[in-house]
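*Asks:* Given next are the chains, with one letter for each unit.
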Amino acid sequence: MIAVHQLSKTFNPEDGAVLDGLSFELPAGETLAVIGPSGCGKTTLLYILAGLSAASAGKVNIGGRRGRGHTAFILQDFGLFPWKTAAQNIALALELKGANAASRHKVAETLLTELGLEGLGQRYPVQLSGGQKQRVAIARALATEPDLILMDEPFSSLDALTREHLQNTMVDMWQRKGLGYIIVTHSVEEAVFLGRRIAVLTDRPTRVKALIDNPSFGTADLRFKNCFFDRIREVRRVMEG
Amino acid sequence: MGVIGRYMVAGGLLLAVWKVAALALSSHMLPAPEDALMAFGQAVKTPTFWRHFSASAYRVGCAMALAWLVAFPAGVLLGYHRQADRYLSPFVFLTYPIPKIVLLPVFLVLFGLGDAAKVFMIALIIGFQILVATRDGVQALDRKYVDSFRSLSPHTGALLRHVILPAALPHGFTALRIGTGTGIAVLFFVESFATAQGLGYFIMDAWGRFAYPQMFVGIIGMSLLGVLFYESFNYLERTVCAWKGHTTGRRDVRRAATGDLADTIQVYGRMIKFSHTIFALPFALAAVVLAHRTHPVTLHHLFWILAAMVGARSAAMGFNRIVDARYDRDNPRTAAREIPSGRLSMQAAVIFVVVSSLLFLLAAAMLSRLCLILAPPVLAVLFLYSYTKRFTALSHLYLGLAIALAPLGAWIAVTGRFDWPVMILCLALLTYIAGFDILYACQDTEFDRQAGLFSIPARWGPIVAFHVSALLHLTAFVFFFLIHLVFNMGAVYLAAVILIGSLLVVEHRLVRPHDLRQIQLAFFHVNSLIGIILFIGILTDILVYQ
Chain A
10 MIAVHQLSKT FNPEDGAVLD GLSFELPAGE TLAVIGPSGC GKTTLLYILA GLSAASAGKV
70 NIGGRRGRGH TAFILQDFGL FPWKTAAQNI ALALELKGAN AASRHKVAET LLTELGLEGL
130 GQRYPVQLSG GQKQRVAIAR ALATEPDLIL MDEPFSSLDA LTREHLQNTM VDMWQRKGLG
190 YIIVTHSVEE AVFLGRRIAV LTDRPTRVKA LIDNPSFGTA DLRFKNCFFD RIREVRRVME
250 G
Chain B
2 MGVIGRYMVA GGLLLAVWKV AALALSSHML PAPEDALMAF GQAVKTPTFW RHFSASAYRV
62 GCAMALAWLV AFPAGVLLGY HRQADRYLSP FVFLTYPIPK IVLLPVFLVL FGLGDAAKVF
122 MIALIIGFQI LVATRDGVQA LDRKYVDSFR SLSPHTGALL RHVILPAALP HGFTALRIGT
182 GTGIAVLFFV ESFATAQGLG YFIMDAWGRF AYPQMFVGII GMSLLGVLFY ESFNYLERTV
242 CAWKGHTTGR RDVRRAATGD LADTIQVYGR MIKFSHTIFA LPFALAAVVL AHRTHPVTLH
302 HLFWILAAMV GARSAAMGFN RIVDARYDRD NPRTAAREIP SGRLSMQAAV IFVVVSSLLF
362 LLAAAMLSRL CLILAPPVLA VLFLYSYTKR FTALSHLYLG LAIALAPLGA WIAVTGRFDW
422 PVMILCLALL TYIAGFDILY ACQDTEFDRQ AGLFSIPARW GPIVAFHVSA LLHLTAFVFF
482 FLIHLVFNMG AVYLAAVILI GSLLVVEHRL VRPHDLRQIQ LAFFHVNSLI GIILFIGILT
542 DILVYQ
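Chains as they are written, first to last, in the numbering used here: chain A, 10 to 250; chain B, 2 to 547.
Any given hint might turn out to be false.
[Unchecked claim] Facing chain A, from chain B, some residues (calculated, C-beta under 8 Å):
(1) Tyr146
(2) Leu153
(3) Gly158
[To be verified] Distance condition first, Cα-Cα at most 20 Å in a straight line; then the derived DMTMM-like pairs of lysine to aspartate or glutamate:
(4) Lys68/A <-> Glu34/A
(5) Lys234/A <-> Glu198/A
(6) Lys186/A <-> Glu118/A
(7) Lys145/B <-> Asp86/A
(8) Lys245/B <-> Asp143/B
(9) Lys106/A <-> Glu118/A
(10) Lys245/B <-> Asp86/A
(11) Lys145/B <-> Glu162/A
(12) Lys106/A <-> Asp148/B
(13) Lys234/A <-> Asp222/A
(14) Lys46/B <-> Glu35/B
(15) Lys234/A <-> Glu173/A
I should point out that these hints are in silico values taken from the structure, not numbers from a laboratory.
For each residue, glycine too, the CB sits at the ideal point set by N, CA and C.
Just chain A, with the same shape it has in the complex:
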């Protein structure tokens, strides 16, 4: 269960509030796509949810198996450390917890296989394609055993085909593990494909304009179905209206 209550954030009083009394709730294991005009504070919201930035006012409650839920963050670029191999990047969270080399190796290998990256563990990020890099980033997030994954426009720099493959991977992960995520995106199609709920944000100061239910999320071949396009039109209308 994730509860965001009256969340506000102001960086600089002269510029006004970035987030202003933003509230929403999300049941555990649910997926949420956040969409809104550029510069509206979507990234700021994610930073606060990830605990990287403090809110000026309001409350964030991320329920977890052990007290405060643990989040994992996936960024568009720069997520992977260029000086670590794919396997080292994936196992970094375990290394920080003090896990031994053997267990780290095992987890990295398992996740590499799960994400279709067999044999690429010893490569450095610079030797991987954009899609492979984001797969490694997803694997690294999974290795932290998070309660919630936060993604900041993770696929926007990828070509269309790779992007759809990775979107499928995310839905697949959700179906197999029941792992919830919040994805920030500027693509309506991506929001409708990846969010069981879609939060449409207003321009600054940012509030939730509408929380749209998307019951067809996760159905097979969603991209070819009429309900997919209907939902896209609905989201567009909300955004423009």
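Since the structure of chain A is provided, determine the placement of chain B on it from the hints.
*Replies:* Chain B alone, transformed into the frame defined by chain A:
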């Protein structure tokens, strides 16, 4: 082709050039390469050579280790810790352009004539480079890496180990590799007196005995020492920063990587640009040495000439930054300078300029009445430079003129009058600085055009600028040679002139009108060498022949 193969080819070419030069000169000063190599072959069988070699290796090795141990962590600290950077980097900014070598007498008094003073001298010079490169490298690191890591762990210690250090290491290593050249050059200088051990002594001793092949044994030994250190650092970097060696065939990735590197280099260069002025110091000292032949120089002279140099340079530098703050703010390359970035207030900068100007006037007053009378006009000339690029593309020549006042001033300070011969030295400096400044201005071509500032590259394009620069450097070379005739210098100076000529050629080979990537690092080192070689050339020539 492997490393060994490349060294073989380069070595072979070098030997060929050497042979031709030796034939052309047919002087004892430059023995044929085969003679020098034979002598070297003999020398490596003697324990004496290895005693000198190991003494030098020990000094450079200790200095490099010391510089790294102090400067690398300090650079990481300044780069990472904004608060520390705010308070400490003004000291770095202010002291970086001072040629640390002039502190050698102080070091000798403080640390004695033994190895300590030499090691500290070399370590200080290299340490600064490591510090600046590391700091800029860490600062250039995208904050998103830090955010990405902090989402995994809140511990600063882990952040340093997993993110900051791995990102800083390549910058530190680059500085270390470049520092090898500088380190060996300084080693030669510090070993050329007050010691009976080391390759520097070996060379000077052979020189004094006219044993030219022996001299070249020492020179080859020093070159080997340099290669040895350089390759060791290369090897270390490849081991420690294995990730750096990998690239893909993907062009976008590679372009992004070189973009980062170019940024880093530009950040590096930002601080040293104003050290243009300091290239004048060896010329001023050269004027002092030349004047000393007819008018004995006292410590009083030397001290106040140095004080005048420091005062004038600081005043001119500070004034320029104040006047240019408006443009610096708009130019992405210079926007991070102290004043535009707000790290130094306008008021503090003005006080700095006033105090520096007063120091200059005081120094002039201590030197002579004539110096004091001339000092205010000199300040006016220096300050006017900051405005020249707003109305004339000849600002490069004006910069040369302003800097060329240094040897002129030093000459007048010592002799108490103006003499025509010293103008040759001034003109050499003028043309050399102007040529260099034109190349340097190529970096700002686009910005200058947009901002309506005048420079030769902005007005006629980089290709014309390169030709003009080459012409100026050719003229500079002629003046360097004329010094030989006008001041009746000997063969040692002639050798220095040849070396300077080749460095100028190297300089023009390092950069191309559309490929300025080498400009900062390589240039600064080539350029700082030219002044030092001139000074050492004149000094030793006079010591040897007069």
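*Asks:* Each hint: holds or not?
*Replies:* Results for each hint:
no. : hint                  : verdict
1   : Tyr146                : holds (6 Å)
2   : Leu153                : holds (5 Å)
3   : Gly158                : violated (10 Å)
4   : Lys68/A <-> Glu34/A   : holds (12 Å)
5   : Lys234/A <-> Glu198/A : holds (13 Å)
6   : Lys186/A <-> Glu118/A : holds (18 Å)
7   : Lys145/B <-> Asp86/A  : holds (8 Å)
8   : Lys245/B <-> Asp143/B : holds (17 Å)
9   : Lys106/A <-> Glu118/A : holds (18 Å)
10  : Lys245/B <-> Asp86/A  : holds (18 Å)
11  : Lys145/B <-> Glu162/A : holds (14 Å)
12  : Lys106/A <-> Asp148/B : holds (18 Å)
13  : Lys234/A <-> Asp222/A : holds (17 Å)
14  : Lys46/B <-> Glu35/B   : holds (17 Å)
15  : Lys234/A <-> Glu173/A : holds (15 Å)
The structure shown violates just one earlier hint, number 3.
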